[in-house]
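Protein chains: 2
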Amino acid sequence: MGLALADDLLAQGLQSVQREVDDAFDSLLPVPDDSRSTLVEAMRYAAIGGGKRVRPLLLTAVAAMHGVSREAAIRAACAVEAIHVYSLIHDDLPCMDDDDLRHGKPTVHKVFDEATAVLAGDSLHALAFDILADPETSTDPFVRAELVHKLAIASGHNGMAGGQMMDIAAENEEFDLHTVTKLQQLKTGALLGAAVELGAVLGRVPAEGRLALRNYARDIGLAFQIADDLLDHDGDEEKAGKALRKDAEQGKQTFLSLLGPKRAREQAQALVDQAIGHLSSYGEEADLLRAVARFVVERDR
Amino acid sequence: MGLALADDLLAQGLQSVQREVDDAFDSLLPVPDDSRSTLVEAMRYAAIGGGKRVRPLLLTAVAAMHGVSREAAIRAACAVEAIHVYSLIHDDLPCMDDDDLRHGKPTVHKVFDEATAVLAGDSLHALAFDILADPETSTDPFVRAELVHKLAIASGHNGMAGGQMMDIAAENEEFDLHTVTKLQQLKTGALLGAAVELGAVLGRVPAEGRLALRNYARDIGLAFQIADDLLDHDGDEEKAGKALRKDAEQGKQTFLSLLGPKRAREQAQALVDQAIGHLSSYGEEADLLRAVARFVVERDR
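Going line by line, the protein sequences match chains Y and S.
Each residue of the first sequence is one higher than the one before, starting from 1 at the first, in the UniProt record's numbering.
Each residue of the second sequence is one higher than the one before, starting from 1 at the first, in the UniProt record's numbering.
Looking at chain Y on its own, in the form it has when it is part of the complex:
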């Protein structure tokens, strides 16, 4: 497939998934007629609009390759995105990264307050598992239980939350490349990997048939993070919609600080090529995944 066609495929995929995820969150989060309304408004503020929706795009792309209904794929995509959004809300809190801006708008604790932000994050965390365990996502209870199990591990202390803890420790410790790689595989890689894996679980791909997809996810996860480091260093704050240049301020070791910009760029590109290589047994049905792999390093936000 030519690169122009791949760009079209990606642009359409992103645009479509962004709209579908927004619509699904809108349905999943009706505002109640009591004093919980502020909580649900805060959840909606964080979950609807903004965000590239890379994880939903990955999940729905894998699901589409395996004949999953679009409705089920979008529900599972919302679950993964709910975890991502909750982690951003908590990450932006004053006691964590203390950020005022996210996706170009004020962070949840700025618009509401800190207590509401903590509870909105917690509620989105619970919503993710509520969605996955609901028979509307899959009539097969084995699929539902496996979706939950993969996502819970990716979210907890052996996944994303564990990576965030390592990231905090990175401010005071001198991490080497091996440790930074582990940190990022947990902090970003676990949830990106879960997005791909949940698509395969919905498509009833047996565990042994998911190896190529897992390897693809691992490689784009690291490439994604190197691209993030480069954007943090070179990017445009307005396009990024958040504060940049924080890693260097906090004296954290990153792929960029350890490899330098030239090698970091080469490494990200090599990982993308390697990720696409893992898809060699797939035909054009994996073209969207190939386009996503290129997108994670070429994006400007």
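Everything labelled a hint here was simulated from the structure, so no lab data went into it.
All of these numbers come straight from a predicted model, not from anything done at the bench.
Treat the hints with care, as some may be off.
A pair counts as met if it fits within one copy or between any two copies, since identical chains are not told apart.
Under the rule of at most 20 Å between Cα atoms (straight-line distance), these lysine to any residue pairs were calculated in the SDA-like manner [unchecked claim]: (1) K182 with S35; (2) K52 with D232; (3) K110 with M96; (4) K182 with V31; (5) K182 with S37; (6) K246 with D232; (7) K110 with D97; (8) K52 with P106; (9) K182 with P32.
Place chain S on chain Y using the hints.
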């Protein structure tokens, strides 16, 4: 059964479940050999030791009535308790209730720091669903998916977190008895109800056969909260192991402020009698549940 025997049954039940839950958390949370160790230490600090373990006792008592293996019941009990413990960690944060003491020891953010407390709560939240969706809890995927679904709803904005949001609003609004009842049914009742329900799900009690147990849980949930209000008003801070007299300071309407102490006590007792009444179709296999109903209003912490 005589009251002395019931007291023995309760004391033994509590002591046993406290030890088993501590042991299970100890196994579930090995400390990793990297910079996530602080996170897991914080999770262990909050989850192991301390706490009455009322929810685990309820869950395991219902499970035992329906022939569930002790191991499976304790695993599910740990999941419910992990949700309870995570909610206490977040509730104690400076931006929430700002409490320094819990179960007679310094709160998590005091011993560690706020960022670690946020992440430890988040990680225990994820752990709950990891445990329930794991085939070790039940070989039946339908049971696993249903356990997750019930607990996710009880934890989120339509359950505990929603109740906490109403509780925050109660500082600034003048709630009537109807609204305080709804608040407490969400804040405390949802998770107590989930503990009972999860025991029944593990025991493969069909939904229509759970009505008596649900009614029992609803009544002891409200009785539990009235007892909490009375303890907050009259209790001993040392025994309670936490700061008391906060409701009145914050000008919140509670069962106690709305009913007065005499009617509140009568109402709690009436709810306990009513809860026990719902168990009339059960024989002595429900004696522990009857003892728990009396315990929730007679406890001194």
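Structure-based check of all given hints:
1. K182 with S35: between (42 Å within a copy, 11 Å between copies)
2. K52 with D232: For K52 and D232, the Cα distance is within 20 Å only inside one copy (16 Å; across copies 47 Å).
3. K110 with M96: both (14 Å within a copy, 15 Å between copies)
4. K182 with V31: This pair counts as between: shortest inter-copy Cα distance 17 Å, intra-copy 40 Å.
5. K182 with S37: between (40 Å within a copy, 14 Å between copies)
6. K246 with D232: within (7 Å within a copy, 45 Å between copies)
7. K110 with D97: Cα proximity of K110 and D97: in one copy and across copies (13 Å, 19 Å).
8. K52 with P106: Within one copy only: 17 Å inside a chain, 41 Å across chains, cut-off 20 Å.
9. K182 with P32: between (42 Å within a copy, 13 Å between copies)
The structure shown violates none of the earlier numbered hints.
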